[in-house]
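Here is how the chains run, residue by residue.
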Amino acid sequence: MTGGGLPGVLWARLPYVAAVVLVAVGLFVLIDDRNLVKKVIGLNVFQTGIFLFLVASAVREGGRSPTVPAGADPTAYVNPLPQVLVLTAIVVGVSVTAVALALIVRVYESYGTLRADLVREAVADDEDREPEVDAGPEDGDGEVRTGGAR
Amino acid sequence: MPGEALLPSLVAVPLLGATVPVLLARRRERLGWPVALVVSLVHAALAAWTALVVLREGPVAAEIGGIPAPFGIALRVDALSVPFLVLVAGSGLAVLAYTRVAGPRSGPFYGLYLLLVGGLTGVCVTADAFNLYVFLEISGLASYGLVARSDRPAAAVAALQYLLVGTVGASLYLFGVGYAYVATGVLSLRGLAAGFAAAGHGSTLVVAAFVLVVVGLSVKLALFPLHVWKPDAYAVAPTGVAALLAALASTVAGYALLRLLLSAFTYETLRAVPALRWGLFLAAGASVAAGSLLAFRATEVRRLLAYSSVTQYGLAAFGLAVGTRLALVGAVIQLVGHAVMKGGLYLAVGVISARTGAETVDGYAGVAEEAPGAGAAVAVLALGMVGIPPTVGFAGKLYIAAGAFEAGLWPVAAVVLASTLLSLAYFGRLIQRLYVDSPGEFAPTGPVSTGMAATVAGAATLAVVLGLGAAGVESALGPALEGVAP
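Which chain is which? The protein sequence lines are A and B, in order.
Here the first sequence stands for residues 1 to 150, where the numbers follow the working numbering.
Here the second sequence stands for residues 1 to 486, where the numbers follow the working numbering.
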């Protein structure tokens, strides 16, 4: 371990500390926030922390970007593999975000609110009503929208 | 030799096939189902061929693009992957017979359907930890979309919840793979096994990787308390989707866990840090207990089935944690058997709903008179879930309990036996409603086709046949489980 006590140790590992902080903040927002869009933002921050962890693991002190000409000494470059992995993971993350936002649009159209607790209440109300009405999508739609305006 | 072409096409056929119904959707919506049928038939034939080759000649492997293992991505199918590969292909084909009339019938639906089958197949055939993550996410994205295909407004809410929880699970898995990569510098399962041995199975990085991978996959497996997405998603999804997901989604995650534990981390990790094994026991025990309790309290049949899955995957996790040869055979039989039975149960529940409109446990009173076939199927499959011989549910639990006895872990065997009594409590109630109670009023909600009835009957028959053939499964799995006994 390097000198300087705990602050010195943390400073030397700043990217990893930042990754852990991002993961924790993201998870907290995802679980704690009532707004559905902010939940998705929390998910993105959480994933970004993991991406940072992977990219940080590729760093090599004084390394250059890994476009390696034939015959060059490979130790002078940063490790390209984690960066490729993160590139793939970012693509996956973007697709997940797109699907999540599309679902949120549908939730908003049905219930007229983005607050998770109100949506949950409205769903529970629907379930109670369902046996009698056997609601098609349109019935449920119009009925709850008024309730969502509060 | 045929592996070079066979394994990549197992994944490529459904993934490429998935684009066709989407492209056709604008002009010929109705072609979605036939296209899915053709693709699934080809896929099932390839899976059967692969299974035959593997069982006859041993493991098949392929390198994508001819790049060798430390740099390229390897695909590999051995005796352990075969049951899951065949399960994915078979269920994909069988549920199609159900959805032809029951719907949904749109082109995009079948695009997602094939995407799900392709992603799950990928998980079963890959031999690379990061590639596994990509396939997990492909199948995950497809399942979120499939759950949202239901017309009910609650479907979007359930799908969103499924997405948020599922993505956290997959991301935690990716985090664990990151730790594994930092510890070893490789991503192929074989390289990871060697790297973990070199780094020391008890080293911090390896243990961190193990914990993150197991927690991440436990979300997909829906072990308690990470099960919250399951009941909502399965209750609102269209019946065919609920059946396909109940059969495959968590089962394939269970395979992934089994594969990583056997081929990458190995039981050395559990031996080096015994707390990890106790953690697995704890999660499994909590799932068995909480799943039973929640299932007992459920009023909706679809929710009851989802909670019963929490118990059943808890039992499979016990088999995994015990880790003797018998217990691992039990875990595989438990996973595959549960898939057949739970998929069949959701389809039978769909038939009952179409014929009588009954959805709740109380509403099932006297349903067997109105829908005798589906009622009998529910009864057979529910008894299979409880673990009554000669069903496959009995075989799986027997092997797990025997493995636990063999390892001297008699409390585990006691929990397995207790779980069957607990599940008898809620499945018994369902069967009592079906056969003993006097019927209320029924209102059919949809047509029941021959295909729907045949799929349900097939699942019930298979649950019994697999139970009788369990010894065959044990001998077929033999080579894959050689030398794992701790």
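Everything labelled a hint here was simulated from the structure, so no lab data went into it.
Where a beta carbon is used, it is the ideal one built from N, C-alpha and C, also for glycine.
Among these hints, one or two may not hold up.
Simulated DEER-style distance windows between Cβ atoms [unchecked claim]:
| no. | chain 1 | residue 1 | chain 2 | residue 2 | range |
| --- | --- | --- | --- | --- | --- |
| 1 | A | V68 | B | A471 | 49 to 57 angstroms |
| 2 | B | L52 | A | W11 | 26 to 34 angstroms |
| 3 | B | G408 | A | A76 | 20 to 28 angstroms |
| 4 | B | P372 | A | L87 | 54 to 62 angstroms |
| 5 | A | E61 | B | G103 | 55 to 63 angstroms |
| 6 | A | W11 | B | V42 | 52 to 60 angstroms |
| 7 | A | G71 | B | E406 | 20 to 28 angstroms |
| 8 | B | L205 | A | W11 | 15 to 23 angstroms |
| 9 | A | R115 | B | G408 | 29 to 37 angstroms |
| 10 | A | F28 | B | L417 | 35 to 43 angstroms |
| 11 | A | L87 | B | A61 | 25 to 33 angstroms |
Far from chain A, by Cβ distances over 10 angstroms, these chain B residues were calculated [claimed, not checked]:
| no. | residue |
| --- | --- |
| 12 | V86 |
| 13 | A154 |
| 14 | T167 |
| 15 | S171 |
| 16 | G178 |
| 17 | E268 |
| 18 | L421 |
Now the hints, each set against the structure:
A C-beta distance of roughly 55 angstroms is found between A:V68 and B:A471, which places it inside the suggested range of 49 to 57 angstroms. As the Cβ distance of B:L52 to A:W11 is approximately 59 angstroms, the hint placing it in 26 to 34 angstroms is violated. For the pair B:G408 and A:A76, the beta carbons lie near 55 angstroms from each other, so the given range of 20 to 28 angstroms is not met. For B:P372 and A:L87, the hinted distance range of 54 to 62 angstroms is satisfied, since their beta carbons lie about 57 angstroms from each other.
For the hinted restraint 55 to 63 angstroms between A:E61 and B:G103, the CB-CB distance of approximately 60 angstroms keeps it satisfied. Between A:W11 and B:V42 the beta carbon distance is about 57 angstroms. The supplied range of 52 to 60 angstroms therefore holds. The beta-carbon spacing between A:G71 and B:E406, approximately 58 angstroms, falls outside the hinted interval of 20 to 28 angstroms. Taken as a hint, the range 15 to 23 angstroms holds for the pair B:L205 and A:W11, whose Cβ atoms sit roughly 21 angstroms apart.
Take A:R115 and B:G408: their Cβ atoms lie about 53 angstroms apart, and the range 29 to 37 angstroms is violated. Between A:F28 and B:L417, the C-beta spacing of about 41 angstroms keeps the proposed range 35 to 43 angstroms intact. In this structure the supplied range 25 to 33 angstroms holds for A:L87 paired with B:A61, their Cβ-Cβ distance being about 26 angstroms. No beta-carbon of chain A is positioned within 10 angstroms of the beta-carbon of B:V86; the least distance is around 28 angstroms.
A beta-carbon of chain A is positioned within 10 angstroms of the beta-carbon of B:A154; the least distance is around 5 angstroms. Against the 10 angstroms criterion, B:T167 falls within the reach of chain A, whose nearest CB is about 5 angstroms from its own CB. With a least CB separation of 5 angstroms from chain A, B:S171 falls inside the 10 angstroms interface cut-off, contrary to its annotation. The beta carbon of B:G178 is not kept farther than 10 angstroms from every beta carbon of chain A, the shortest such distance being approximately 5 angstroms.
Remark: the non-interface label on B:E268 is consistent with the geometry, its nearest Cβ contact in chain A lying 24 angstroms away (cut-off 10 angstroms). The Cβ of B:L421 sits about 31 angstroms from the closest Cβ of chain A, beyond the 10 angstroms cut-off, so the non-interface label holds.
Hint compliance for this structure: hints 2, 3, 7, 9, 13, 14, 15, 16 are broken, all remaining hints hold.
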